[in-house]
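Chain A is already provided as a structure; the job is to place chain B on it using the hints.
Protein chains: 2
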Amino acid sequence: MIIIGEKLNGSIPTCGKAIAARDEGYIRDMAKRQAEAGVDFIDVCASVNEGELETLSWMLDIVQSVTDTPISVDSPNPRVCVEAMARCKKPGLINSVSGEGDKIDVVFPAIADTKWDVMALLCDDTGIPKSAEKRIEVFEAIMARAKEFGIAEQRIHIDPLVEMLCTSENGIETVVTVMKYVKEHYPKVHISGAVSNISFNLPVRRLLNQAFLVLCMNAGMDSAVLDPLNRDLLGMVYATDALLGNDYFCMEYINAYRDNLFGPVDR
Amino acid sequence: MIIIGEKLNGSIPTCGKAIAARDEGYIRDMAKRQAEAGVDFIDVCASVNEGELETLSWMLDIVQSVTDTPISVDSPNPRVCVEAMARCKKPGLINSVSGEGDKIDVVFPAIADTKWDVMALLCDDTGIPKSAEKRIEVFEAIMARAKEFGIAEQRIHIDPLVEMLCTSENGIETVVTVMKYVKEHYPKVHISGAVSNISFNLPVRRLLNQAFLVLCMNAGMDSAVLDPLNRDLLGMVYATDALLGNDYFCMEYINAYRDNLFGPVDR
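As you go down the protein sequences, you meet chains A and B in turn.
The first sequence begins at 1 in the numbering used here and counts up one residue at a time.
The second sequence begins at 1 in the numbering used here and counts up one residue at a time.
The shape of chain A in the complex, shown without the other chains (with noise of 0.2 Å):
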């Protein structure tokens, strides 16, 4: 499983104060322990109305101080994403392109070449498709043109929308039947998604999150932005991988918690 860390993203509120207080110390402890938790990528979302770039920068430079965990850029500007690229150290992800507008002209010439990741989304400039046979267009759209880059297949994660269950009619369906298809047809491109968005607006969201986490890994999901600090959350994809006999008599499970990733903190 590839996990990408969330907590460095300005729209968390905590991290949103850090960043507009230029609090190094913050940026750096999260950074730290992420990259402790065994994150595959660090997630790094500016989240300003200005001077993104500047921001994120400032930003990539303290990450990178502190570890040499693979960076995933994140913003919604494409621009902002290819000029950061530069920042980077090693090649990490691109977070994210979608169907929509110049994105992938923008960031696909720029990633062609090297060995970034990036995540796709499956909308386009007509919104968030409602049918799984919608978004499945748009994937397959995504991958022509990845196809015309030359991006392998296993350079790709695709997000297929994770949408929020208590305004949906049919439980997670639309996300699994997407998540199905790109596994039958690219059983190389990651599959991939923001598991926590599941549960907005309902109580008890860590249940949900666990539970959805569970049934995305068993419908193909192999890369999740997820919070790694969260060791319950991070200890069910262990767990998981397990259940679904990817770990070989359970070592990777033993492993990783004889690390303290994962049950009680204090043993």
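Please note: incorrect hints may appear among the correct ones.
PhoX-like cross-link-like pairs, simulated, lysine-lysine; straight-line CA separation at most 25 Å [as the list claims (entries may be wrong)]:
| hint | chain 1 | residue 1 | chain 2 | residue 2 |
| --- | --- | --- | --- | --- |
| 1 | A | 134 | A | 188 |
| 2 | A | 90 | A | 32 |
| 3 | A | 32 | A | 17 |
| 4 | A | 180 | B | 183 |
| 5 | A | 90 | A | 130 |
| 6 | B | 180 | A | 183 |
| 7 | A | 115 | A | 32 |
| 8 | B | 180 | A | 180 |
| 9 | B | 188 | B | 134 |
Hints are computed from structural coordinates only; laboratory data are not their basis.
Only a predicted model underlies this, so the values are computations on that prediction, with no experimental measurement involved.
Chain B only, in chain A's frame:
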């Protein structure tokens, strides 16, 4: 989801002690709390070497003095199960039969013309079959006997036999294969099991139990022997039902939360 509360079982050390001491208060309290958690059946298992029927009867009387929740009469001895039926004020569940010995010959005639449910374990005189194929054979043999006695499919709960994950080479594949077979060929038969068996000998068992429950429900499980006082596990049942589209606009999830069945205790 049909929940069979597992707390009144002499093989659980605290409960075993309470039974040995004939501690009525313990039995009463555990029956009440499980009933309040909304279980469909309260499992009652004496688990004593001598005087099982007497002990079981004592327990049954206490349980039925505080709740009218149906009983799951639990004994490895089919004759004890059948004799205990008479002590129950309303139809419940016989836990359990299997392909072993004369269990079916004893139990099926006794419940044939009643409203009692029955739990059937997919093992026989050769032990617990290793392969899914062999368990399916045992299942089909049990179904043939049930048909003979006119026991309707919806009265049958199948326990495909949950074994510990730590010694499995293919994760939960065997059990999931059996569940899917049952679901496909006998959609009215309930798929059940003792969830917590999965995590024997592994650390942080609750995470494995929760993730396993989610995967089983996804594979068709609609009945389970579990601890209903484990608020996270119970909440996971509601969360999973909502995610799987079995709970229109999450109303049951929200109501169970409002009824304080899961989530923070003090609020």
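Right, here's what the structure says about each hint:
1. Taking the CA atoms of residue 134 of chain A and residue 188 of chain A, the gap is near 21 Å; set against the 25 Å cutoff, the hint holds.
2. At roughly 17 Å between alpha-carbon atoms, residue 90 of chain A and residue 32 of chain A fall within 25 Å of each other, so this suggested pair holds.
3. About 19 Å separates the Cα atoms of residue 32 of chain A and residue 17 of chain A, which keeps this hinted pair within 25 Å; it holds.
4. At most 25 Å may separate the alpha-carbon atoms for a hinted pair to count; residue 180 of chain A and residue 183 of chain B meet this at roughly 20 Å.
5. Using a Cα cut-off of 25 Å, the hinted pair residue 90 of chain A and residue 130 of chain A is violated, with the two alpha carbons roughly 37 Å apart.
6. As the CA atoms of residue 180 of chain B and residue 183 of chain A are separated by approximately 20 Å, the hinted pair is consistent with the 25 Å bound.
7. For a cut-off of 25 Å, the pair hint linking residue 115 of chain A to residue 32 of chain A stands: about 24 Å separates their Cα positions.
8. Taking the CA atoms of residue 180 of chain B and residue 180 of chain A, the gap is near 17 Å; set against the 25 Å cutoff, the hint holds.
9. For the hint linking residue 188 of chain B to residue 134 of chain B, the alpha-carbon distance of about 21 Å falls within 25 Å, and the restraint holds.
Consistency note: the structure conflicts with earlier hint 5 alone.
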